Amino acid sequence: MRLAFILSPALLMPFLSSCDKESPIDKYTEKKILIVGNSNEPAGLDPQIVTGVIESNIITSLFEGLCVQHPSDSGGSMPGAAARWDANEDFTEWTFHLQKNGKWSDGMPVTTADFLFAYERILSPDFAAKYSSMLYYIKNGEKFNKGELKDFSEVGVKAIDDHTLKIFLRAPIPFLPHLTKHYTWYPVPKHTVLAHGTMTERNTYWTAPESMVSNGPFKLETWKFNDRIEVIRNPHYWDADTVKLNAIRYLPIGNKYTEARMFFNDQMHVTERLAPEMIGYCRERYPEEFRQEVYLGCDFIRFNMTLEKFKDVRVRKALSLAIDRQLIIDKVTKGGEEPAQGIVSPMGEYKTAGIAKHNAEQASQLIEEAGYSDSNKLKFTLLTTDRDGAKTYAEAFQDMWQKILPVEVSIEQREWKSYQDMMSKLGYEMTTGGWIGDYPDPTTFLDMWKKGDGNNRTGWHSEEYEKLLGKAELATDPAERIRLLRQAETLFLNEHPIVPIYWHTSVYLLHDSVKNWHPLPLRNQPYKFIDLKK
Amino acid sequence: MPTEKNAAKDVIKGQSLWSDAWLRLKKNHMAVISMAVLALIFLLCFILPAIGNFNAPEDPAIRAAEHWFKNPNYQNLNNTFAPPSGHHWLGTDQSGRDLFSRLLYGGQISLLVGLVATTISVIVGVAYGAIAGYSSERTDSLMMRIVDILYGLPFLVLVILFSLLISEHMKELSEFLINDWKWESVFVNKYANLIPLFIAIGALGWLTMARVARAQVMNIKKQDFVEAAVSLGLKKSTILTRHILPNMIGPMIVYTTLTVPSFILTEATLSYLGVGVQSPNSSWGILLQEGSRYMETNARLLIVPSIVFSLTLFALNFLGDGLRDALDPKASKD
Amino acid sequence: MLRIIISRLTQGILVIFCLLAITFVLIRLMPGDPFTGEKSHAAHIIEKNRENFSLDKPIPIQFGVYLTKLTQGDMGDSPTREQKVSTIIKHSFPASLILGICSMIVAICIGIPAGVIAALKKNSLIDYGTMVIAMIGISIPSFVIGPLLASYVAMNVPLLKVAGWGDPFDWILPSITLGAMTGAYIARITRGGMLEVINQDYIRTAKAKGVSQFNLIFKHAIRGGIIPAVAYVGPAFAMLLTGSFVVETIFQIPGMGQHFVTATKDRDYFLLQGVVLLFGTLIVLANLAADIALVLLNPRLREA
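Residue numbers (the numbering used here), protein chains in the order written: chain L, 1 to 534; chain S, 1001 to 1334; chain X, 2001 to 2304.
Calculated from the structure, these hints are not laboratory results. Here the structure is a predicted model, which is why all the values come from computation and not from measurement. Be aware that a few hints might be false.
As the list claims (entries may be wrong) - Derived list of chain L stretches under chain X, where covered just means 3 residues or more per stretch with a C-beta under 8 Å from a C-beta of chain X:
1. 69-81
2. 251-262
What the hints assert, rightly or not - Below 25 Å or equal to it, Euclidean Cα-Cα: the simulated SDA-like pairs (lysine to any residue) are:
3. L:K143 to X:M2030
4. X:K2090 to S:W1018
5. L:K224 to X:S2007
6. L:K450 to X:P2254
7. S:K1026 to X:K2121
8. L:K377 to S:W1183
9. S:K1222 to X:V2197
10. X:K2069 to X:R2028
11. L:K403 to S:W1068
12. L:K377 to S:V1188
13. X:K2122 to S:W1018
14. X:K2265 to L:G389
15. L:K467 to L:N203
16. L:K309 to S:W1068
17. L:K224 to X:I2101
18. X:K2219 to X:A2293
19. S:K1222 to X:L2288
20. L:K377 to S:W1018
21. X:K2039 to L:K534
22. L:K139 to L:G389
23. X:K2265 to L:D386
24. S:K1222 to X:S2007
25. X:K2084 to L:N203
26. L:K377 to S:A1056
27. L:K450 to L:A475
28. S:K1182 to L:T204
29. L:K334 to S:E1184
30. L:K224 to X:P2254
31. X:K2069 to S:L1153
32. L:K425 to X:K2122
33. L:K27 to X:M2155
34. L:K143 to X:R2050
35. X:K2090 to L:G437
36. L:K139 to L:N203
37. X:K2057 to L:N40
38. S:K1027 to X:N2199
39. L:K27 to X:K2084
40. S:K1171 to L:I411
Don't be surprised by glycine CBs; every beta carbon is placed ideally from N, CA and C.
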């Protein structure tokens, strides 16, 4: 083993560091370096490979899609790589005009070729991007991804010239600008990717700090595994004058208690999330820094609909009615969440049907009608995972059901992947779970319940439901579209394949030196607008 | 010289070795106090809940309101983190459950785990280590390399596979116990799941034990009295059981008392992975783990189980030391 | 001596090979694979991803491919992180090494003197006091000691931080947390070992001959008395280097310990294989070192 190499960092480390009275956070604020808690080491930084929120937080500072999130208006889109855009009347054909002075961080211009390259790469069957389905909205995108179509020129993306991009969609999609803010729609630097391998080659490591090239307000400076990722100001960025920060440092802190302590110790500006146990304490001790905002997501309990014992809708409805959601929120999750009446969390003009409620009397009446009593108890197992707080959460349901209904509930805790595996193979009876929306449209919560969708995991399906969703996709009138989606959700909720519990909030701490940081339900902060001032 | 001592012991017979040890143990104040403490904790954990459950009202809500000994799993989300009072002697936890009764019931499980898992690993480990240490060099190497391999396997992988393996069979076992043997289902849910836990901890805990035992044997077998026994032509097995094992008891007791806490804590980790105590039942390890999350906000939930846990271990440790001294064949009377 | 070392190293290579082979099979028996996740992906995409890492082939062939690459010095690519396994280990090993060495120093500096003193003052208040402190080290788990030190010490001492891994001051609290348990074990074991030795004939003979108390302890007794502790220190060091998961997450240290847990949970087959390889090597070396030290300390073993 090369011991000398391993030892050298330890020996070179200065033994004494300078110590001054100023707290560390003030120093960083002065230098305009934002320190962000980011929960875990990212799976990578290639926007077309990764799938998670952790990666998204970093990638949105490095890359820029056609549109950029408005800093305060969650429904607003601002010019990004595209200076302006327009759509035809039924939202099926879109034209994006790229920034004339858009550049990669190595000075090369950003052109439509990069976008075409990016979209061909992510949709290529050989590249096997996990999140390619985000681009199925493009005409023939799905066919190309599944290998049914070999010629990429038949896919609905066209370059009119170096700076004009035309996108043809499979159906009317009025929320396309929102989609382009998602990292799957970002461009990748054709010249850099190809310098490190072929288009569809994996593990070429073009995202290493020494070779990574990006088109966003920042560029990659340091990437130390499990330690930190630091991005610094990109001088070639088209809108560099707007960018206030000199650098952002992302810390992969998995332990929420450690993260909170680091914030108390003045070591960071923004935490990722507070553990439920810490919420009350922080609300009291750090009222200025405490943030509690709506987050696009829903927590629910799934039924395994293939099991005989859950075939009766009265049983499922009774189990849903027995839950006092407000009590769970107040005493267990504690994040000020909203009791979920449906699956789609409130957004824009969409209002959910409001089926899920708490009614203990009706619950016991229903389960009695279904034939259960104290001498003939319904026995089932609630599957949950080993993550923080999952145990207390599951125990609360167990207790609520057993107090009100003639049921006997056991709890099965499984480690994360086993839990996922049991869910997708329908090897459970009931299970806790949740869903975080990818874009602010009800379909992000409704599409997953289609037959055969990998995220359904309940065994429930309905032709009627899918017909309604299909109609909604083709509807050109927004009001009509929303009416159809709502009808679909109502149908789904009345069948009770899931028990909605609450709509998410994100609860975190934000240092008061951070300016222009506004609540956004997707927590996709556009870092270019954020500033640090004492 | 040791040979003289052994000869002397043979005259007085084995029985007096123990009564001799007992006499010496009784003289050790710390050991006696420790024994009393351990006895008290055992009584509290195993007898008090039985007394408490006797005559307790059937309806859990009435019981929670009136009876002095609460149901440890009865939640009251409107009464979380209640401070200690005449009603809840140690207050309530994050789900409004009575901490006192949870502590006692948790103690049952933790003490059982400590006792059974330790016994398994001591028996397996000492036997394996002693055989390895007293065998030919070739056998010894082979046996110890097997320990090395097992030691190097990632623990978590083994546990996940193990939990997968047992989950199917556990259901069958519980059903069998409930239907055929007419056991109470509450009882089965609580204890049947401990069997795989004992196996898991015992199976992995013996590795270090085997190493320590082997090192002891290697050390002792080079000593004069063993060589004397060899030259007298005694059988290998006789030397091992009559001369080497008794001389190992002291250090092994000390080491055993050291492993008990880690076994009890391992149980908590394992139960989060689906092997071990089933929710909502508790154990000291689980109480400690959950309590550590409330260090800043409700320190009581951490301090109470910590005190009980540490107290038990102190007692165990001092008793172990006393036993070591009392059983040491070489121990002097000065 | 040299013959012993060579034979032990040969055995070591065999041990590591078996370890790799068994781990290779076991991790593939766990439910799920590197590509199972919170969100499901289309079957054709998962298929292709498995192909990229040869996971579609029979296990013996996969193992062959892995070993071939390994002999060329390539530990493979991590299927869940966009990194080479060797890069990940290269980034995390230095922190683990520092943490391991520092906590071993803490453990030895606390454990051996405490054990010796307790043994010399057997059954006195000093003995009980030392042993109570040692038992606190063992019975209070690191997930309690760590946050306690962070919340109450680091928050109030200027140079210390609650978490983070930058300057050498950051090494102090994690080393104490991680070393406390090992130190307590060493104290207990040393005490036992010393008591064994003190009662032995050669010490009594020396005492009768009028050797001074100081010489008696430092020249004669300690040598034999710390043998059990030395036997423990070797494997314990390997454990400190790799079993530091809890301390790493509490103090935000980019070390190796968390790979055992996260790689297992993520089903990152190649990263786990890499850390098992490293751990196996460490065990073999640590045991060898402990055995050599034992031979050096105990003249009777030299004849073998």
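Do the hints match the structure? See the list:
For the stretch 69-81 of chain L, the proposed coverage by chain X is not satisfied: 0 residues have a C-beta within less than 8 Å of a C-beta in that chain, short of the threshold of three. Counting residues of the stretch 251-262 of chain L whose C-beta sits closer than 8 Å to any C-beta of chain X gives 8, which meets the bar of three, so the coverage hint holds. Annotation: proposed proximity of L:K143 to X:M2030 is violated, straight-line Cα distance about 34 Å (limit 25 Å). With a C-alpha separation of about 57 Å, the suggested pairing of X:K2090 with S:W1018 is violated against the 25 Å cut-off.
Annotation: proposed proximity of L:K224 to X:S2007 is violated, straight-line Cα distance about 39 Å (limit 25 Å). A threshold of 25 Å between alpha carbons decides the hint, and for L:K450 with X:P2254 the separation of about 42 Å lies outside it, so the pair is violated. For the hint pairing S:K1026 with X:K2121, the CA-to-CA distance comes to about 20 Å; that is within 25 Å, so the pair holds. Distance check on the hinted pair: L:K377 and S:W1183 sit about 17 Å apart at the alpha-carbon level, within 25 Å; holds.
Between S:K1222 and X:V2197 the alpha-carbon distance is near 15 Å, which keeps this suggested pair within the 25 Å criterion. A hinted pair counts as satisfied when its Cα atoms are at most 25 Å apart, and X:K2069 with X:R2028 qualifies at roughly 19 Å. With a C-alpha separation of about 21 Å, the suggested pairing of L:K403 with S:W1068 holds against the 25 Å cut-off. Distance hint between L:K377 and S:V1188 is fulfilled; the C-alpha atoms sit about 17 Å from each other, no more than 25 Å.
Note on X:K2122 and S:W1018: the hinted pairing holds, with a Cα-Cα distance of about 23 Å set against a maximum of 25 Å. In summary, the hint linking X:K2265 to L:G389 is supported, as the alpha carbons are separated by about 18 Å, within the 25 Å threshold. Taking the CA atoms of L:K467 and L:N203, the gap is about 41 Å. The hint is violated against a cut of 25 Å. A C-alpha spacing of about 38 Å is found between L:K309 and S:W1068, which places the hinted pair above 25 Å, so the restraint is violated.
The straight-line distance between the Cα atoms of L:K224 and X:I2101 is roughly 22 Å, inside the 25 Å bound, and the hint therefore holds. The straight-line distance between the Cα atoms of X:K2219 and X:A2293 is roughly 17 Å, inside the 25 Å bound, and the hint therefore holds. About 20 Å separates the Cα atoms of S:K1222 and X:L2288, which keeps this hinted pair within 25 Å; it holds. Between L:K377 and S:W1018, the direct Cα distance comes to roughly 55 Å. Violation of the 25 Å bound is thereby established for this hinted pair.
A distance of roughly 41 Å separates the Cα atoms of X:K2039 and L:K534; the hinted pair therefore is violated under the 25 Å criterion. A C-alpha spacing of about 43 Å is found between L:K139 and L:G389, which places the hinted pair above 25 Å, so the restraint is violated. This hinted pair checks out: X:K2265 and L:D386 have alpha carbons roughly 11 Å apart, not beyond 25 Å. Between S:K1222 and X:S2007, the direct Cα distance comes to roughly 22 Å. Compliance with the 25 Å bound is thereby established for this hinted pair.
With a C-alpha separation of about 8 Å, the suggested pairing of X:K2084 with L:N203 holds against the 25 Å cut-off. Distance hint between L:K377 and S:A1056 is fulfilled; the C-alpha atoms sit about 23 Å from each other, no more than 25 Å. Between L:K450 and L:A475, the direct Cα distance comes to roughly 19 Å. Compliance with the 25 Å bound is thereby established for this hinted pair. With a C-alpha separation of about 63 Å, the suggested pairing of S:K1182 with L:T204 is violated against the 25 Å cut-off.
Straight-line distance between C-alpha atoms of L:K334 and S:E1184 comes to about 36 Å, which puts the hinted pair past the 25 Å bound. Restraint check: the Cα-Cα separation between L:K224 and X:P2254 comes to about 9 Å, which is no more than 25 Å; the hinted pair holds. Among the hinted pairs, X:K2069 with S:L1153 is consistent with the structure: their alpha-carbon atoms are about 22 Å apart, no more than 25 Å. At roughly 61 Å between alpha-carbon atoms, L:K425 and X:K2122 are farther apart than 25 Å, so this suggested pair is violated.
For the hint pairing L:K27 with X:M2155, the CA-to-CA distance comes to about 18 Å; that is within 25 Å, so the pair holds. A C-alpha spacing of about 21 Å is found between L:K143 and X:R2050, which places the hinted pair at or below 25 Å, so the restraint holds. With a C-alpha separation of about 37 Å, the suggested pair X:K2090 and L:G437 falls outside the 25 Å cut-off, and the hint is violated. With a C-alpha separation of about 29 Å, the suggested pair L:K139 and L:N203 falls outside the 25 Å cut-off, and the hint is violated.
Distance hint between X:K2057 and L:N40 is unfulfilled; the C-alpha atoms sit about 31 Å from each other, more than 25 Å. For the proposed pair S:K1027 and X:N2199, the alpha carbon gap of about 19 Å is at most 25 Å, so the pair holds. The straight-line distance between the Cα atoms of L:K27 and X:K2084 is roughly 35 Å, outside the 25 Å bound, and the hint therefore fails. The hinted pair formed by S:K1171 and L:I411 meets the criterion: a straight-line CA distance of about 13 Å does not exceed 25 Å.
Violation of the numbered hints given earlier is confined to hints 1, 3, 4, 5, 6, 15, 16, 20, 21, 22, 28, 29, 32, 35, 36, 37 and 39; the remaining hints are satisfied by the structure.
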